[in-house]
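Chains as they are written, first to last, in our numbering: chain Y, 83 to 1228; chain B, -9 to 410.
Hints in this document: simulated from the structure, not taken from any laboratory. It should be emphasised that the depicted structure is a prediction, and the values quoted were computed from it without experimental measurement. Beta carbons: idealized from backbone N, C-alpha and C, even for Gly. Wrong hints could be hidden among the right ones.
Restricting the straight-line Cα-Cα distance to at most 30 Å, the calculated cross-link-like pairs of lysine-lysine (DSSO-like) are [stated by the list, open to error]:
1. Lys230(B) to Lys162(Y)
2. Lys172(Y) to Lys183(B)
3. Lys513(Y) to Lys125(B)
4. Lys172(Y) to Lys141(Y)
5. Lys468(Y) to Lys267(B)
6. Lys202(Y) to Lys121(B)
7. Lys125(B) to Lys151(Y)
8. Lys230(B) to Lys305(Y)
9. Lys151(Y) to Lys432(Y)
10. Lys125(Y) to Lys8(B)
11. Lys468(Y) to Lys8(B)
12. Lys132(Y) to Lys403(B)
13. Lys162(Y) to Lys121(B)
14. Lys183(B) to Lys513(Y)
Here are the simulated distance ranges between beta carbons [stated by the list, open to error]:
15. Leu382(B) to Glu294(Y): 47 to 57 Å
16. Glu282(B) to Arg548(Y): 22 to 32 Å
17. Lys167(Y) to Arg216(B): 54 to 64 Å
18. Gly161(B) to Met1115(Y): 26 to 36 Å
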Amino acid sequence: MSASSAFNDEKGGSSNVGEPEYGHDPASGGIFSSDYKRHDDLKEMLDSNKDSLKLEAMKRIVAMIARGKNASDLFPAVVKNVACKNIEVKKLVYVYLVRYAEEQQDLALLSISTFQRGLKDPNQLIRASALRVLSSIRVTIIVPIMMLAIKEAASDMSPYVRKTAAHAIPKLYSLDPEQKDCLIEVIEKLLADKTTLVAGSVVMAFEEVCPERIDLIHKNYRKLCNLLIDVEEWGQVVIINMLTRYARTQFLNPNMNESLLEEGGGEKAFYGSDNDDDTDDEEDKEEKEKKKTEATAIVKRKPYVMDPDHRLLLRNTKPLLQSRNAAVVMAVAQLYFHLAPKAEVGVIAKALVRLMRSHSEVQYVVLQNVATMSIKRRGMFEPYLKSFYIRSTDPTQIKVLKLEVLTNLANETNISTILREFQTYIKSNDKDFVAATIQAIGRCATNIGEVRDTCLNGLVQLLSNRDELVVAESVVVIKKLLQMQPEQHSDIIKHMAKLTDNIQVPMARASILWLIGEYCEHVPKIAPDVLRKMAKTFTNEEDIVKLQIINLAAKLYLTNSKQTKLLTQYVLNLAKYDQNYDIRDRARFIRQLIVPTDKSGALSKYAKKLFLALKPAPVLESPFKDRDHFQLGSLSHLLNAKAGGYQVLPDWPEAAPDPSVRNVEVKESVPEWTKCSSREKRKEKKADKPFYSDSEGESGPTESADSASDTASGSESGSGSEESGSGSESEESNEESESASEEDEEEEGKKKKKNVEKIKARKPVPESESEPSSGEDVKKSEKKSKPRIGSSESESEEDNDSESESSESEEEESEEESEEETKKKKKTTASKPPSKPPKKENKKEKKEMSLLDFDDFDPAPSPSQVTPLNNFLSSSLVTDLEGLSLTDNVLSPTTIIPSGNLKTYELLHRITGEGLSVEYCFSRQPFSPDPHMVAVKIQFTNSATSEAKSLHVEDAKLQSGMRIKEFPEIEVLPAGETVSVVMGIDFCDSTQAANFQLCTHTRKFFVSIQPPVGELMMPIFMTENEFKKEQEMLLQSLGQLMGMNEITEKLTLEEKCQGEHAVVQRVTTAANLSRVPCGSDKECSPPVPPPPFPIHRFAGKTVTSGSLVLVSVVTKEDGAAQLTVNCEKMVIGTMLVKDILQALTQ
Amino acid sequence: MIHSLFLVNSSGDIFLEKHWKSVVSRSVCDYFFEAQERASEPENVPPVIPTPHHYLISVLRHRIYFVAVIQSEVPPLFVIEFLHRVVDTFQDYFGVCTEAAIKDNVVVVYELLEEMLDNGFPLATESNILKELIKPPTILRTVVNTITGSTNVGEQLPTGQLSVVPWRRTGVKYTNNEAYFDVVEEIDAIIDKSGSTITAEIQGVIDACVKLTGMPDLTLSFMNPRLLDDVSFHPCVRFKRWEAERILSFIPPDGNFRLLSYHVSSQNLVAIPVYVKHNITFREGSSQGRFELTLGPKQTMGKGVEAVLVSSQLPRGVLNTNLNPTQGTYTFDPVTKLLSWDVGKINPQKLPSLKGSMSLQAGASKPDENPTINIQFKIQQSALSGLKVNRLDMYGEKYKPFKGIKYMTKAGKFQALLSN
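Only chain Y is shown next, with the shape it has when bound in the complex (with noise of 0.2 Å):
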């Protein structure tokens, strides 16, 4: 950023200096004058009323800056056209505007405006450039408007819009990364959006803001996995990438006793089958690994099974190695590389040697690609052998990847082929594709052992080649080869020998006088010659040439010092004057090591040992060795370096994590919904079933069962059952999304009137339940007192129909019910019996809702399930109490917090936590030792055999400025009991989580607090003047642009909400806050009657800084209501109005 702003001030000072391409343009006559009356003329073009001038000059402008010139003083000109009606002027003015508002913010404001005005335009597609242009305006003043503009655009109707929401993510995050939060609930709820439009974009707004937290993917990853085929190609490449991350963390290696396992074995049989066509191949292949693991299983451990999950993935990526795009198949390629089981990698080979048939630079990232991947997995490539010979008019680039390739796919039974081709590539005109064939030769020799020979006696006779080049490299390559059995080649040492005479490359030279003088025994006679010539020509050599030749001296010295005395002294003293400081020390060095005199020290005796020592011969590698640690297909694997950005592939776990998490819930009335969908495509996907039922129908019932038993050991009986459904769920799910994505345009309409139907239907059905239930005299007191528009009549019609429908649903509820809820709430609805009927009744109401939130065009569900349900469960709670309440008027405001009603969240599932389980609450009481933390209470229950020691805090990784108040060590958890304990968290008003690790006496857990925004504040106590007060004031301090520190929302109340005490204690219950006391409005001014509609005052301060926080709820007719939220920090007021929102509409 820095870099390039600092380029944008240099360029924005010159504007009309130092542009020295003036000759290349044609139009600016190359002097400054007529530049300057250039840009006059468009000025006036551009304020002429003709559109057409407008839109020449623009043309002339944009042409500008796509030659790189500088056009930033027409700003002011050109911005005052942002609203003009001709499109393609607008247009032109967009590109022009977000090239340039970086440098002009002050100017770039005024055409703020018409963005906003578009964003609230009717037509999408006008929504969705707004937003587009907005969001690429590079200018930090408008973070907040941006912010709020994402914020609504996430959750418009037009999935098109909400795609450009997820496009202007990660522009938002790279302006201003303090937003990190925001936008990640943002993401959140985009991920768990059902349309392939929008799908690829917000994956890939995930991986720029926030790819660490791949906790956000579990509860989309099934969708994602069976949307992935519909999604654009470019989307489709960025999930696969990031699928291959989340399953290397959530699955285990599917190869992890095949690793114990030699190389080869079941791998011939899987290639002599590869055709691929038939499904039943498919089959075989799962039945052989199957015998396989349960083969090794008796060696070794537990059987290997595949999670579900698993093989969806693999199942539903398998069909884009067909795509036309390669990056799509090179994410494929690299999935299946990764995460697949040894015998099903093999299906990608034939992809990837297809691409090879495209562009030259496709060619080259595949090869490399290729590359890597042949040295694990050799049997892959071997039946596309001939797919890599190289042709003559491949690039250099190419034929050396190939070649590389070739080497890696060479043994014993096609190496006589390959050595074949070689021949041929070394009579190519390319010369540095021919020292790379030499060097392959080479490799080919130290791996192959029997075809040493043949390649050296091949090496020997390139020696007598007329190119020089050719020579040396195989010169250099047969001493590498020679090392390894030195006896029985002392013709071709002295062969090489003689060659001294003739050859003049450096590096060929030092490797001949290396091998002579390592194997100066076997060549007693030349050796003494050699070093005689190269004595004579020494001052003459370059540097690794004389380093080689005082090598060779010394150790002729040591083995035959009586012909060689004298000549060796005679290169030690010319060495010595030599002008390189490296061969001075070394001749330095050595004449003291070998010559003995009497001030030599203890060395010299060793001299023999240290230069005739065996030296292990050159192992000659693949330079694409390990390089498979970085993910297949990333820019770092291409580089072989870590690129800015990159995500590390994690080690797949020991352990498997809770495959659970990925459940969603499951819609009971999902299939009906199908079944009414077009007939039309029920057929095709009739006719679809074989391709996928075969597979399932031998992979899909087995592997699940054996996955529940495998759980159920450790988990909850529970758990195993849901485990089981969850097949059957995702397929339904499939087909849903499917149909769904296909057909929502033409059902859209349908569905909608049905839903329609569906809620006017369900409207007056919890409120006629729980009536009997509640204790009836105080409602009936309250109906007189507040009169509702609920009609007697509908209830009286609808009220056979919603019981028997109810009394149908329970059964399956309470199933339900036991698998998803926490103990607490178990506990709280043990409690309250005559509760329980009016909360079914109001989860069955929610049920409808989400089925609602099926439709592609309504904005998605909120993915916490958990948070109604609690709401329920308390307004229940409330209208007893409001019961209570009413009979004597006197209501505390701040005590209406029961503390049963705190939710629970958990720290630390029993199952990672090896029986050690942990739940938090905001327990809402200061904090004593420091009053600007949050008190977290947290309970630990250690449901394991053994007792548990010191349970401690460590090692805390917080953002900056966040402080951590450690609970003081617990000693001993014996087993079975349960102990709480109070921590104090600074958040810095912020909804960054706090990281830490919870320590055992044998283990650490990473675990981490995210606190909701309502729990960042504590509740003050104001009077309704001091509240008017401070509300004016923040309003007046600032004075900027509304939004800034006032949100106001409007919304309606459900019927059941609408009381006093249930809007207070919705509105407690979300956001830490104390209630203003609206007597005092009588107080201060009795002659003015009681205001029409009742005002419901809140208000708190942030914990860390203090801010104040105020909200307002004033409620009107017919439930609708206004929310207004007052507080300094911009972040936590939108939040907030989000958090309270949600409480008070559900």
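Take the given structure of chain Y and dock chain B to it, following the hints.
Okay, now just chain B, sitting in the frame of chain Y:
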């Protein structure tokens, strides 16, 4: 993802730049120029070049380098594939993708790039949708635009992007409804000096030109679908239907598009349609060499071999050639040592040949390089693999479309190695 794009012509000038995020100075391209200098051939510039703060990913098409600037991790193929898509779009819009065409239409280019990427992430890359947003320039429209001042930008807002078939625009209307399919097969082969085949593969494509009203739903079936070893589809093809029944079922985009490309594996024996006989000798010490080349048809299923073009890179030692073709014309460039012979059609009765002498560098020894011959040819009305379309049906619309299918075989990378 993609930060900026620079277009560089063959002489190393940046003639267009576009930024999607903040502006990146064009001086980053210096790293590219450095790499370009190091590379011996234009196509040897590495596609991915790391620089201290950015990464440059480039493709070379039509002698223009498209250099994308990347700041952080992104799959390189993603960028490469996108850049190629950009070139294809330009070609689609302007007929050619040359520096001149881009400079002439710089505003349209800018508008296209603006629509294709949002914040560096691809937004609309389907040609059908782009054409709705920005009308391609035609001569007529350019004239009309200059007179009336109207624009290239579509008046109505596009709807295709929002529909369930994102690759097809809505409201298509034609008076003549027609659907044409071209089955084009390319044969890649390497023939060794004795005339036997080292490798041979067939790569085929089916290109379609569909101009049908409304929302037609087409199915295309083959007589022998088993031939297709490995296929890749346009996104419109319903994959599951293909898996189950080997039938292509799709709602086509409007206009020209590539329906599928396929591969016929080397397991099926490929009939090589032409053969080459040659005799090239360089005598040691002599300044003369003999050159003789004859072409002939082999297995062509009775169809004529047309548009034959032979080219060969002769060894550096060859100074000039003096050859006589029995038909067609030949040229030899003494600088690049490139021999090319435009043969035309092969007459089976009188085989074309090229004979004569080469003059070699005096005193130079026998060159040890291995010259190869690249051959291009076409065979009309036949697909070498024997692939045949069975029938084409249309559902969803009432009219009767006019249907046509054409077959063609071409040489792809067809090489013969010469002895010496």
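Consistency of the hints with the structure:
The hinted pair formed by lysine 230(B) and lysine 162(Y) fails the criterion: a straight-line CA distance of about 53 Å is larger than 30 Å. Between lysine 172(Y) and lysine 183(B) the alpha-carbon distance is near 65 Å, which puts this suggested pair outside the 30 Å criterion. Restraint check for lysine 513(Y) and lysine 125(B): the C-alpha separation of about 49 Å exceeds 30 Å, so the hint is violated. Restraint check for lysine 172(Y) and lysine 141(Y): the C-alpha separation of about 11 Å stays at or below 30 Å, so the hint holds.
Proximity of lysine 468(Y) to lysine 267(B) is assessed by CA-CA distance (about 24 Å); at most 30 Å being required, the pair is judged to hold. For a cut-off of 30 Å, the pair hint linking lysine 202(Y) to lysine 121(B) stands: about 27 Å separates their Cα positions. Of the supplied pair hints, the one linking lysine 125(B) and lysine 151(Y) holds, its CA atoms being roughly 27 Å apart against a limit of 30 Å. At most 30 Å may separate the alpha-carbon atoms for a hinted pair to count; lysine 230(B) and lysine 305(Y) meet this at roughly 19 Å.
Between lysine 151(Y) and lysine 432(Y) the alpha-carbon distance is near 48 Å, which puts this suggested pair outside the 30 Å criterion. Among the hinted pairs, lysine 125(Y) with lysine 8(B) is consistent with the structure: their alpha-carbon atoms are about 23 Å apart, no more than 30 Å. At most 30 Å may separate the alpha-carbon atoms for a hinted pair to count; lysine 468(Y) and lysine 8(B) exceed this at roughly 42 Å. Proximity of lysine 132(Y) to lysine 403(B) is assessed by CA-CA distance (about 56 Å); at most 30 Å being required, the pair is judged violated.
Simply put, lysine 162(Y) and lysine 121(B) have alpha-carbon atoms about 29 Å apart, close enough for the 30 Å limit, and the pair holds. As the CA atoms of lysine 183(B) and lysine 513(Y) are separated by approximately 22 Å, the hinted pair is consistent with the 30 Å bound. For leucine 382(B) paired with glutamate 294(Y), a C-beta distance near 51 Å keeps the hint of 47 to 57 Å intact. Look at glutamate 282(B) against arginine 548(Y): about 26 Å separates their beta carbons, and that is inside 22 to 32 Å.
Judged by the Cβ atoms, the range 54 to 64 Å given for lysine 167(Y) and arginine 216(B) holds: they are separated by roughly 59 Å. About 57 Å separates the C-beta atoms of glycine 161(B) and methionine 1115(Y), a value inconsistent with the hinted range of 26 to 36 Å.
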